[in-house]
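Novice: Please build the complete structure, drawing on both the sequences and the hints.
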Amino acid sequence: MNDEEIGRLFEQSGPPPRRPGYWEDIQDALAAIDDERAGGSAVTAPAELDRENLDTDANVIRLEDMNDTVQRSWDRRGSRIWFVAAAVVAVVLLGVAAIQAGRSSLTEVADPADDSQPAPDTEAPSPTTVPQTEEPSTTTAPTTDDAAVTSAPAAAEDAGSESDGAPADTTVPGPLQNQAEPDLVFDYGALVRLTEVDGRRWIWFDRYSFDGKAGPELTEEVGYALGSDMPPHENVNPGLRTYPVADAAVLHLIERDVYDAVCGGDTGPEEWYTSGTVEEMFPLLLQTDPFDGTGSMLVSLVFDDDNEVVEIRDNRLC
Amino acid sequence: MKVMSSDEYTGGNRAGPGSTGAAGFVASLFDHDDYLRGLVWAVVRDSNVVDDIMQLSYERAYRSIDRFDGRSSLRSWLHTICYRTAIDHIRHESRRPKVSLEVVGVDPPVAGDGAAVADGGRLDDGVLDGMEAVDLLGRLDPEQRGLLYFTAALGYSYDEVAEISGLSRGTVASKVSRAKDRLRTGGRP
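Chains as they are written, first to last, in my numbering: chain R, 1 to 318; chain C, 1 to 189.
Honestly, the hints are just simulated from the structure, not real lab data.
Incorrect hints may appear among the rest.
[What the hints assert, rightly or not] To spell it out: a stretch of chain R is covered by chain C in this simulated footprint if at least three of its residues, at any positions, have a beta carbon under 8 angstroms from a beta carbon of chain C; those stretches are:
{"#": "1", "stretch": "9-15"}
{"#": "2", "stretch": "18-24"}
[Claimed, not checked] Straight-line alpha carbon distances no greater than 25 angstroms define the calculated SDA-like cross-link-like pairs of lysine to any residue that follow:
{"#": "3", "chain 1": "C", "residue 1": "LYS180", "chain 2": "R", "residue 2": "GLU11"}
{"#": "4", "chain 1": "C", "residue 1": "LYS180", "chain 2": "R", "residue 2": "GLY14"}
{"#": "5", "chain 1": "C", "residue 1": "LYS180", "chain 2": "R", "residue 2": "GLU4"}
{"#": "6", "chain 1": "C", "residue 1": "LYS180", "chain 2": "R", "residue 2": "GLN12"}
{"#": "7", "chain 1": "C", "residue 1": "LYS180", "chain 2": "R", "residue 2": "MET1"}
{"#": "8", "chain 1": "C", "residue 1": "LYS180", "chain 2": "C", "residue 2": "SER76"}
{"#": "9", "chain 1": "C", "residue 1": "LYS180", "chain 2": "C", "residue 2": "SER157"}
{"#": "10", "chain 1": "C", "residue 1": "LYS180", "chain 2": "C", "residue 2": "TYR35"}
{"#": "11", "chain 1": "C", "residue 1": "LYS180", "chain 2": "R", "residue 2": "GLU5"}
{"#": "12", "chain 1": "C", "residue 1": "LYS180", "chain 2": "C", "residue 2": "GLY38"}
{"#": "13", "chain 1": "C", "residue 1": "LYS180", "chain 2": "C", "residue 2": "LEU154"}
We put the beta carbon where it would ideally sit given N, CA and C, even for glycine.
Specialist: In structure tokens form, the structure reads like this:
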């Protein structure tokens, strides 16, 4: 069957006639867009993505808190202000902590038999200790991703640590584990959190099911639509899990201005994506309001032979 | 309304000679709408939504017209947007519980159907009637239909289809090949 014959197939089963008023409806819709532009409010110019500060430590540190509602509303300028403020607070608190530690040592020297004094914490940081700078929040909007996180299996809790050095809750219960099935090559679901532990990046991923009961239905066709030849994993096992991210992983992030303007550009052309390594792109991700109100970001993942994530594709929809 | 060819439309909000804004853009669509509708229809096969997807596609195109830099033809650019919008629709539909891709305007395959096609003869003779053509194409995945439409009905090269679809050339080639195989076998994978 050659192309000519296939072309005839399409001709023989052509589209239905246009509905009455087809062109008028389109013209009205486009005219409404003109009106929006004239009004200057309906479609606002989104902030430019920040490509200047891709490698700052501050951005990496903030990976821990990317699902915080406050961060969702951060713009570039705001993030810089908060970073400076957080850094100042951290320096002050570290100084206070150092002074207190010094006093504690002096107390021990003066009265080594006194067991009531808490011993200084000399343990090395836990492998799962999460460096985090807690930004002061000016909003109290609840986040929905916490629910997803708490439904996780072993590594469900990621309490993070306070920047004041308080000992409370600086670890997750149990080390993060690669929960990718050995033959997993492609996955589809919600990115709910990014974590960096000992220089290793992890994603917290809520895999969707085939039957739609745990998020959008994952089908082979959807897998193809997501730009992958690789079929989704047959052992669905939906739910939250953690995957390590390869250092050389590539992140394809929808450009915010396009997303805002076009809404639904999740399957847009490549030029609609800002792509780069996770090193470059995670900070960008933080600044692009990744969580669209559902507390997560729809993504597809590709794994390498080592079972690490090597590609994250932003698949947000309107 | 003045009908403007794709050559006259140079992108941005500077519509064509004598046409500006929405009216000018709509005028520039007249030349292309048949091909674009054909593409959307090839993908979704749902007469209830084709017009809506077309309108949504045109709205998206108009909103992002400033990004059209004229490197490709207007038709190619519009094909990109229409294709993406149609695929978006399929994805949205596929996410609804109890609504599978197969019901998007396509009857589920019935055992025995297509046997005559699979047995050869009729396809090669090119004597399929309209209903048989609908049935046969309906057995392909939406994306396969879209890619086949590009290559077979519109005559796009694999490179052009790759650019439009966002897939690699090799992926396009393999998907088209797979689609042709399915047609040869009467729609069976």
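Novice: A separate judgement is required for each hint: does it hold in the structure or not?
Specialist: Results of checking the hints against the structure:
Under the rule that three or more residues need a Cβ within less than 8 angstroms of chain C, the assignment of the stretch 9-15 of chain R holds, with 7 such residues. Under a criterion of three residues with beta carbons nearer than 8 angstroms to beta carbons of chain C, the stated coverage of the stretch 18-24 of chain R is upheld, 4 such residues being counted. Distance check on the hinted pair: LYS180 (chain C) and GLU11 (chain R) sit about 16 angstroms apart at the alpha-carbon level, within 25 angstroms; holds. For the given pair, LYS180 (chain C) sits about 19 angstroms from GLY14 (chain R) by alpha-carbon distance, which is consistent with the 25 angstroms threshold.
For the given pair, LYS180 (chain C) sits about 12 angstroms from GLU4 (chain R) by alpha-carbon distance, which is consistent with the 25 angstroms threshold. For a cut-off of 25 angstroms, the pair hint linking LYS180 (chain C) to GLN12 (chain R) stands: about 17 angstroms separates their Cα positions. A threshold of 25 angstroms between alpha carbons decides the hint, and for LYS180 (chain C) with MET1 (chain R) the separation of about 7 angstroms falls inside it, so the pair holds. Proposed proximity of LYS180 (chain C) and SER76 (chain C) is supported: the alpha carbons are some 23 angstroms apart, at most 25 angstroms.
This hinted pair checks out: LYS180 (chain C) and SER157 (chain C) have alpha carbons roughly 16 angstroms apart, not beyond 25 angstroms. Taking the CA atoms of LYS180 (chain C) and TYR35 (chain C), the gap is about 21 angstroms. The hint holds against a cut of 25 angstroms. For a cut-off of 25 angstroms, the pair hint linking LYS180 (chain C) to GLU5 (chain R) stands: about 11 angstroms separates their Cα positions. With a C-alpha separation of about 19 angstroms, the suggested pairing of LYS180 (chain C) with GLY38 (chain C) holds against the 25 angstroms cut-off.
A distance of roughly 16 angstroms separates the Cα atoms of LYS180 (chain C) and LEU154 (chain C); the hinted pair therefore holds under the 25 angstroms criterion.
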